[in-house]
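There are 2 protein chains.
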Amino acid sequence: MNAEIISIGEELLIGQTINSNAAFISKLLNNAGVSVRQVTTIADDEDEILRALKDSAGRSNLVLITGGLGPTRDDVTKKALCRFFDCALKTDEAVLSDIIKFFKKRGIEINELNRQQALVPECARVIRNPNGTAPGLHFENKGKEFFAMPGVPFEMKAMMNDSILPIIKKLIPDPILIIHKTTLTQGIGESFLASLIAEWENQLPDFIQLAYLPSPGIVRLRLTARGKNERLLMEAIDKEIKKLKKIIPEHIWGYDGDTLEGLLGTYLKKRGETLCTAESCTGGYIAHRITSISGSSEWFKGSVVAYSNEIKQSFLNIDKTLLEKHGAVSRQAVEAMAVNARLKMGADWSIAVSGIAGPAGGTPEKPVGTVWIAVAGKGSIKSRKFMFGDNRERNIIRSGVAAMGMLTALLQ
Amino acid sequence: MNAEIISIGEELLIGQTINSNAAFISKLLNNAGVSVRQVTTIADDEDEILRALKDSAGRSNLVLITGGLGPTRDDVTKKALCRFFDCALKTDEAVLSDIIKFFKKRGIEINELNRQQALVPECARVIRNPNGTAPGLHFENKGKEFFAMPGVPFEMKAMMNDSILPIIKKLIPDPILIIHKTTLTQGIGESFLASLIAEWENQLPDFIQLAYLPSPGIVRLRLTARGKNERLLMEAIDKEIKKLKKIIPEHIWGYDGDTLEGLLGTYLKKRGETLCTAESCTGGYIAHRITSISGSSEWFKGSVVAYSNEIKQSFLNIDKTLLEKHGAVSRQAVEAMAVNARLKMGADWSIAVSGIAGPAGGTPEKPVGTVWIAVAGKGSIKSRKFMFGDNRERNIIRSGVAAMGMLTALLQ
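Residue numbers (the working numbering), protein chains in the order written: chain A, 102 to 513; chain B, 102 to 513.
Looking at chain A on its own, in the form it has when it is part of the complex (with noise of 0.2 Å):
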């Protein structure tokens, strides 16, 4: 099966937006077994948009619309819809009550407008929309089908996985198969990781694809396999895997979805011990990547972003001879850190991040880039240095990274 995708906004336009809700759907679309022909990008224009429906409809069987379903002036996608299907628009009750409940909930009375996105075509089945006051739409018209989503990606991809995802399903009898499976590994580079894997690869059978996908202190291996027997898919692939695993045992730590932060959580909550943080260069970073977890007050105590040598010294009780004689990124820092702030904060387990991000702050001895990473338990203490770039995004994600990689690898 064909599909089409019509990304509509100016902002898309001007460059001020990158489309990634076309590469969302798209992936999503892929993976069901159908195939995007082209996606349509254009401004909130009704005539533009009815053309882009006639060209798209005339391609493919399937069209999935993005953007221009909000409740201002410059959104005109549900217009456009009513020419296109010859409707018009009407209140829709269960939609108006979703609305009312949406800001009742946020203590806010609605006004016109939001009264107003409860309009929607009479010919469209409405999507109910959890996250926001837009609905999504859906149309059958000479046996196609259309989808309109609203253009926030966050209101879009609940919308497609909830609910327009299931119903593509069923449109098709006989899918073929695509079957992912991703092996996470840290510590090693792409291409390191490559030539030691090589033989792997190339022993890999025709319907298992390969694929490198690198973040930054992360390289994901995403196999790939298509066919019809989904049993068979998946055995293959685990076979794979299994060989994999044996050459490259100290690497990998978790498989798809997984995350750092949520193994931890994991790991520790069946231990029944919890975990501090004390953070410099970082920032509190890994905090945050921690917090992100639901549940993680479970496990997770607090932080202490030590951004300056006074809070090292006052909150970490690090000694202020110490750092005139190591510095703050040094070893010594850094267990101490991490063994203060573990008996400081009560808990089982401390990460502690002391390093110079940059662009600024690096000496001919201690370079940008470099970073100091300790992991404390209960009288054990594990502290390695790293070297990584001179971008300081990266390198306080590869600190992060690294860091939860250590503490992931002595509990799993």
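Be careful, since some hints might not be right.
Intra- or inter-copy, both count: the list cannot distinguish identical chains.
Claimed, not checked - Okay, derived cross-link-like pairs now, DSSO-like style, lysine-lysine, Cα gap no bigger than 27 Å in a straight line:
1. K343 / K128
2. K271 / K243
3. K344 / K282
4. K258 / K191
5. K282 / K370
6. K344 / K467
7. K128 / K426
8. K467 / K205
9. K426 / K483
10. K486 / K202
11. K486 / K426
12. K258 / K202
13. K486 / K206
14. K426 / K445
15. K258 / K128
16. K243 / K191
17. K155 / K271
Don't read these hints as lab results, they were simulated from the structure.
Assemble chain B onto chain A, guided by the hints.
Then chain B, alone, in the frame of chain A:
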């Protein structure tokens, strides 16, 4: 002048790569006074490329194409261009010499595939590529201009900036200029903002358009003016923004690329003052945003991420009876956190946040999304309760935005 972009590449249609090239090109064209009417994304397929070329040339005078110029079998853009312009491929000696030099520098002998990169349509003018082996191509046909570039962002960007944009600028004798200015607002939702400023929106002159761009906690208002005289357009936009400022002074915090953390740094440095944070539900998110700013160690002391009540007591001296009586999510708790953090970390200003990010932890009196924020300075304190939604990630972001917004308003 109208332009269209044709992005070619299977990776864009399976969602593996986000089409950032189109946004980059759009922005450059827009600033040069060229409107992008459509972006068309298609696969590396001769027939599809031919169709897209016909469609785009039928609508617009300028067509920019990226992708499919590489040396491997899946790159068919040159073949499609030859069919579209009805001409043959021939070896370009200057390009061949560039390619030989390119590989020689890297100590590599060129192979047959590399040699084929020097084959170009004989009706094209060649655009040299200093960063790679695939040259750019420029065609003129029936008064329309076509440019083909490699899809590798690094090569495309240099070619676009250094070679193609100067040619395009010469094509526009009397360009219609497009000027954008974006006003950043905070503390008010899109639809309420729209009704507050409806009268102002109605009186905007015809040559100025308004667009609403919402993201968690922030609505950006983009004004776009089109005309011939840059100074007059700028003045007209400035005049409208002055009027807007009178209507919603408390919601405007910045313009264009400003960030809250960046402005906090600007204001604090100017005042020679410092900041610290005490974070509960934001879990280090605010500290992380702040420390992402290069040089923030000049004005940011650190943070206590007090994810447990014990840390609120031991690190921030919050009275146990206060916590028992009012709870951690209360005006009393958050004000005490702000006042004590400021004193204990020796900063001029402090931000404290305590709330229920969800999805667990809500009660009928304090549902998920309830967040208290306090900002303390010397002898001053300001606190406010917010009711956000039920998505953890968004609640953390919105809390951070609201907190930094409160302090920005005090300092600006």
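Hints violated by the structure (listed by number, smallest first)
The structure conflicts with hints 6 and 7, although it agrees with all the remaining ones.
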